[in-house]
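These protein sequences, in sequence, are chains A and B. Each residue of the first sequence is one higher than the last, beginning at 1 in my numbering. Each residue of the second sequence is one higher than the last, beginning at 1 in my numbering.
These are computed hints drawn from the structure, not numbers from a lab. Do not rely on the hints blindly, as some may be mistaken.
Capping the alpha-carbon separation at 30 Å, the derived lysine-lysine pairs in DSBU-like fashion look like this [to be verified]:
no. : chain 1 : residue 1 : chain 2 : residue 2
1   : A       : Lys166    : A       : Lys253
2   : A       : Lys253    : A       : Lys328
3   : B       : Lys3      : A       : Lys214
4   : B       : Lys140    : A       : Lys83
5   : A       : Lys184    : A       : Lys81
6   : B       : Lys67     : B       : Lys137
7   : B       : Lys140    : B       : Lys3
8   : B       : Lys67     : A       : Lys345
9   : B       : Lys67     : B       : Lys31
10  : A       : Lys386    : B       : Lys31
11  : A       : Lys194    : A       : Lys253
12  : A       : Lys145    : A       : Lys164
13  : A       : Lys160    : A       : Lys145
14  : A       : Lys83     : A       : Lys389
15  : A       : Lys345    : B       : Lys150
Since the structure is predicted, the reported quantities are computational estimates derived from the model, not experimental observations.
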Amino acid sequence: MNYSEKLTPSIQSVKPSGIRRFFDIVNEMDHVISLSVGEPDFQTPWHVRQAGIASLEQGKTWYTPNRGFKELCREITKFYKRKYDLTYDSAEECLVTVGGSEAIDNAIRCLVTRGDEVLIPQPAFVCYEPLAIMAGATPVIIETKAENAFRLTPEQIEEKVTDKTKLLILPYPNNPTGGIMERKDLEAIAEVIKKYDLMVLSDEIYSELTYEGKRHVSIASVDGMRERTVVINGFSKAYAMTGWRLGYALAPKEICAMMVKLHQFCIMSAPTTAQYAAIEALRNGDNDIEEMRTQYDMRRRFVVGSLNEMGLTCFNPEGAFYCFPCIKSTGLSSEEFCTRLLQSKHVALVPGSAFGECGEGYVRLSYSYSINHLTRAMELIREFLKELKDESDR
Amino acid sequence: MDKLLQLLSENSSFTTAQLSMMLGEPEDYIKAQIEEYENSGVIRGYRAVVNWDEVPESGVMAMIELKVAPQLQKGFDEIAEKILAYDEVESVYLMAGSYDLLLSVKGKTIQDVSSFVAKRLAAMNGILSTATHFMLKRYKENGVSMVDAKKDGREMIV
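Can you build the whole structure from these sequences, using the hints too?
Written out as structure tokens, the structure reads:
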């Protein structure tokens, strides 16, 4: 059968994930020292796991309301008030989803359609572009720069905006760069966003992981922005709950109602056990976040310091758990760099090009690993760079 | 807890340069701090964590509970200090509960340890009774798992 006639042009036009392609090579090898995984190395805190277990023991194995448990929505809105000073109505402005990923897909499908343009800053996580394409819209890439700390500027938006632009994706704290947007940066872009009447999808999944005393600011808390923003967050990164698959969206009730409609038809409701665990996480998990954040911060300082010391210029990441060193000085492409490092030292990083063309010349390094693991990996990268240098001196 | 001590107790082979990066403090400060800990006796030494179960002919280990008659004025200190002077004795703790001192003792063979208990310890003035427990297998020691490390369970996805 000629399947290309059967499958839609949009799904066929979506490029396979660049990270995936590289991981296929890594998976073929033994004894790899990986710095490539994009999830916490910590296990979900025990009291949170226990809440999930207890709900199973009590036989609570049914669907939840479409939006998610009322109690969970209440805790989510309390969390956003407590942490980011944003007020949402838990009954009408909150939707619990299968990971942040479902919320991103859902929001994009509710907000854009054929003919619309979606502004996507890159380097960024890989899902926005394919999901915009699947919604029929046209992705328009904005390349953020290391010299701007990978932040988005109003000028960059003005440069790419057209009368078709409908939605801006705002992925901060950023995977893979570790860049953040401070209040002043958000206020600056808010002016342009309002001027062109854009909507914003603010993916704040790393919001609890910021460093150097800079707390995350949500663009929805900037004057006039709440009404045009869909906030997306989840439990994966802050509470080390990736496998539970639980996220949420916070949005004005008119938008949220449509998102609930889509969610109820394609998902029904997010996993029940995970929702019980998440209630416990939000109620009693602030200290867990802080403990993990302190660990990440120590690793971050060590990794950034080591990379700079060995001559790989590294922008100082202030969020998430990645750093994004520039490897241009080696004269290799990011894919060559990663492939050779893997072959020669069995250390796995992710080529920056997997996060958009402008990621070329960079590599992503996850410091979501134990300090001993990181120490060993840094030694090996140092040896590798020395070998490269000896080679070019020859 | 002091973060520097925590890191060193996890891995004493971190260099002061590495520690300085991890803690965001100048290297000179880290050096001075370590020196102070060494001089004041907070840090008593640096050594490898060995899984002796993996080393052939590395001998046997026993935990020994001692009931002791405390001495006037001196309590348990004098007898504890006499005991810790033996090379066979790895550790000595004063315990709350049904016995007083807990020792770990190593020897080449079970007979060695038995003879140490019978001829040295039990014979000491003030020792009321002993209970010797031979160790069969080490699972965790000094905070380090002696069981093979679990593989990173995380999948490389996306």
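Structure-based check of each hint:
1. The suggested pairing of lysine 166 of chain A with lysine 253 of chain A holds, with an alpha-carbon distance near 19 Å, which does not exceed 30 Å.
2. For the proposed pair lysine 253 of chain A and lysine 328 of chain A, the alpha carbon gap of about 47 Å is over 30 Å, so the pair is violated.
3. Taking the CA atoms of lysine 3 of chain B and lysine 214 of chain A, the gap is near 21 Å; set against the 30 Å cutoff, the hint holds.
4. Among the hinted pairs, lysine 140 of chain B with lysine 83 of chain A is inconsistent with the structure: their alpha-carbon atoms are about 39 Å apart, more than 30 Å.
5. Restraint check: the Cα-Cα separation between lysine 184 of chain A and lysine 81 of chain A comes to about 20 Å, which is no more than 30 Å; the hinted pair holds.
6. Restraint check for lysine 67 of chain B and lysine 137 of chain B: the C-alpha separation of about 25 Å stays at or below 30 Å, so the hint holds.
7. Pair hint lysine 140 of chain B plus lysine 3 of chain B holds up; C-alpha atoms about 23 Å apart against a cutoff of 30 Å.
8. Note on lysine 67 of chain B and lysine 345 of chain A: the hinted pairing is violated, with a Cα-Cα distance of about 56 Å set against a maximum of 30 Å.
9. Between the alpha carbons of lysine 67 of chain B and lysine 31 of chain B the distance comes to roughly 43 Å, so the proposed pair goes past 30 Å and is violated.
10. About 28 Å separates the Cα atoms of lysine 386 of chain A and lysine 31 of chain B, which keeps this hinted pair within 30 Å; it holds.
11. At roughly 19 Å between alpha-carbon atoms, lysine 194 of chain A and lysine 253 of chain A fall within 30 Å of each other, so this suggested pair holds.
12. Taking the CA atoms of lysine 145 of chain A and lysine 164 of chain A, the gap is near 25 Å; set against the 30 Å cutoff, the hint holds.
13. Distance check on the hinted pair: lysine 160 of chain A and lysine 145 of chain A sit about 15 Å apart at the alpha-carbon level, within 30 Å; holds.
14. In summary, the hint linking lysine 83 of chain A to lysine 389 of chain A is not supported, as the alpha carbons are separated by about 47 Å, beyond the 30 Å threshold.
15. For the hint pairing lysine 345 of chain A with lysine 150 of chain B, the CA-to-CA distance comes to about 22 Å; that is within 30 Å, so the pair holds.
Figure legend: structure checked against the earlier numbered hints; hints not met, in rising order: 2, 4, 8, 9 and 14.
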